[in-house]
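One-letter residues, chain by chain:
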Amino acid sequence: MKAMTRTLLSVAMSAALVSTGAQASLSDDKVKIGVLADMGGVYADICGKGCVAAVEMAVEDFGGKVLGKEIEVISADDQNKPDVGSAKVREWVESQQVDVVTGLVSSAVTGAVTKVLTDNKKLALIATSASNAFTTKACSPYNAHWTYNVAALANGTVKPMVQAGKKNWFFITADYAFGHALEGVATKVIESNGGKVVGKVRAPLGTTDFSSYVLQAQSSGADVVALANAGSDFVNALKTSAEFGLTEMVDVAGLLVFTANAKALDPSIAAGMKLTTGFYWDMDDQTREWTKRFRQRHDSIPAMGQAGAYSMTMHYLNAVKATGTDNSETVMKYMKENKPNDFFARNAYLRNDGRMVHDMYLVRIKKASERKSEDDIFAIEETIPGDQAYAPMLSQCDFK
Amino acid sequence: MATFLGINLFGLSGQLLVGLINGSFYALLSLGLAIIFGLLRIINFAQGALYMLGAFFAWMALQYMGINYWAALILVPLAVGVVGILMERYLLRPIANEDHLYSLLLTFGLALIMQGVFTQMYGSSGMSYAIPDALKGGTRLPFMYLPNYRAWIIVASLAVCFSTWWMIEKTKLGAYLRAGTENPAMMQAFGINVPLIVTLTFGFGVALAGFAGVMAAPVYSVSPEMGSNILIVVFAIVVIGGMGSIGGAILTGLAMGVVEGLTKYFYPEASTTVIFMVMVIVLLVKPAGLFGKEA
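First to last, the protein sequences are chains A and B.
For the first sequence, my numbering gives the first residue as 1, with consecutive numbering after it.
For the second sequence, my numbering gives the first residue as 1001, with consecutive numbering after it.
Please note that the accuracy of each hint is not assured.
[Stated by the list, open to error] As a list, the in silico DSS-like pairs of lysine-lysine whose alpha-carbon atoms are at most 30 Å apart:
hint, chain 1, residue 1, chain 2, residue 2
1, A, K166, B, K1136
2, A, K372, B, K1136
3, A, K321, A, K336
4, A, K115, A, K336
5, B, K1136, A, K367
6, A, K200, A, K321
7, A, K200, B, K1136
8, B, K1136, A, K274
9, A, K196, A, K292
Everything labelled a hint here was simulated from the structure, so no lab data went into it.
Produce the complete structure using the sequences and hints provided.
What follows is the structure, given as C-alpha cells:
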C-alpha cells in the first residue's frame, strides 16, 4: 500500500512537473505565427490574404490555445521584394517574439527569409514557393516545404508526356530564378526519359505579348511547347498560343498553373491541358467540406498553397502540443517523426531534408460543357504517389 | 527554306509582321499620352491604369450587362473618357498652375489606387474575355498564320491614329485646340471656352486608353497589373518620338514594335530593355526626341 501510494505520488508529481515544465518552455508565454506573403501584387491570389485566412482557420480549429496559452497570428505584405520580406521577418523574430513564419510565396523572398530564420533558429513553413532550393542547395534544418516544388511539377506533367512519345520539347521560360529552375528540372526529366529539348526562349517577367515566341516555337518542330512561367505570364502565353493556332498543332504544357489562372482562361483555349497540382478543392467530401468552411472566411476557392498553409500550421501546432515546447529543434523533430494526415496531406510525411512528400495530382482542365459551376475547373486524371513526384533527398540535407 | 546570312527569312518576315502589330498597338497607347502632354503639358501617369480600366469595363459590360465586344468598343471609351473628364475637372485643374511634378505625382497616385482597388475587388489573376466570333480564326500566309484578330488590331489602331492626327493637325477644331493650349488668354479673348477645351482634350486622350483596353481584352490577360506593365514602355516611346509630337508618337510606336519584335527573335532576354536603350541613344543625340521641336 505504501509502495503504491509512493508510486501514485511520484506519477502525480512527474505529471505536474511535465505540465509546469511545458508551460515554462513556451518562450514568451504564447505561440506567435507570422504569415508573410504578397498581399496585393501578382501573387496575391495564390497565397496572400487567403493564406492568412487559412492559418487563422487552423488556429481556430485547434482551439485558439496551445498548452493553455494563446496562439497569435500576425501578417505582413512582402511586396514580392526579398529586402522587404527579410527586414519584416528580422523585426518579427528579433523584437516581436514570432516563433514560426509561414505563407512564403515568391522563391526570391523565401530565399532571403529562410536565411534570417535559420540564423535565428526559427522555423520556416513554406506554403507555396516553387523553387526546390530550400530542401536542396539552400537546405536548412529549420525549413519545411509543403504543397509542391518544381521537381514535382516536372515529374508530374512532363514525364508521362515524354513516355507517351512526345520527345521534342520547346521551352518558353520566364527569365528569372524560378523559370530557370523549372526549365532545368524539366529538361533533366525530358533527357533522362529519352527526349530532347529542340529550342527555348527566355521571356522577361511581365512580358505582355508572346506572339514572337509563339512563332519561334511553331517553327521549331517540337512536339510539345512547355510554358515554364506562372501567373499572368502563363495566361498571356497560352492565350497567344491559342490565337496563333499553336495549341492545335502541338501540345502546350503549362508547368505551373494555379486554379485562379486556369479560371482566368476561356475554356475554349485551356480545355484539355494537363497539369500537376498539390491540391484541388473538389477532390472528395473532405476537401469540399474544408473548402466550404474556408469560403466563409475568404471569397474564393482555395489555391493549393492556401490549403497547404492550413495543413502545415495544424501539424506545427500538434507538434507544439505533443512536445510541450515551442523550441524549434524539438518541434521540427516531432514534425518529421510523426506523419501529418488531413484533407490536404495524403500519404504524407515530412522528410529529413524538410520536404513534405505527399500525393500529387495530374489534372485536366475541363471543357465548358463539363463544368457545373464557375469553380468547376479541373478533372483529376491520376494520383501521383509522393515518392514518384518528388526528387530523392540529398545526403547533405539529411537533418535528423 | 529561304535563308540569308544564316537567318531564316520566312521566320523573319513573321517576326516583322508581329512587330508591326504590336507597334500599331503601342502607337494607339502613346497617342493618348502624346495628346495629353503635347497639348495640355500634363504628364499622365494614370494612362496605364485607365487602359486597364478600359479592359475591365469591357469585361464588366459583358459579364453584368451582356454588352458585346462591338458595343463595348464604342461605349467603354466614352465611359473611360468620363472618368478622365472628372479627373481633370476635380483633381488636375486645382493644381493646373503648379509645377508639372504635381500632376505627375497626382496621376501616379491615382494609378496605384485604381490598381489596388481592382486587385482588392477582382484579385490578381485576371479575367477571361473571349475573342468575338466574327474575328475568330485566321489566314495562312506563306510565312505565318495570321490570326484575324491581330489583323483587326492593325486596321483599327491605324485608322484611329490617323484620324486623330488628321483632326488635330488638319482641321479647324484642331487649330482651336492647339491655339487654346498655346495661348489661353488670347483664345479666351476671342470668346473660346478654353477650360472646356482642356477638359475635353484630356477626356479624349484618356478615352483612347480606354479604347486600347477594349482592344487588348481578348488577347492579353485582363488583370489589374496590365497597365503598369505597359505604361513605362509607352512613356519611352513618347520620349523617343518627341514629347508632344502626335505624328511622332504614332511613327515611333510602329517602329519600336518592330525593333522589339526583332529583339525577341535574336536576343529575347533584352526585349524589355531594347526600347530604353533606344531612348537613351535618342536623348543623347537629339534631346527633344526624333520628331520633337527644340525648345
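Violated constraints from the hint list, given by number and in increasing order: 6, 9
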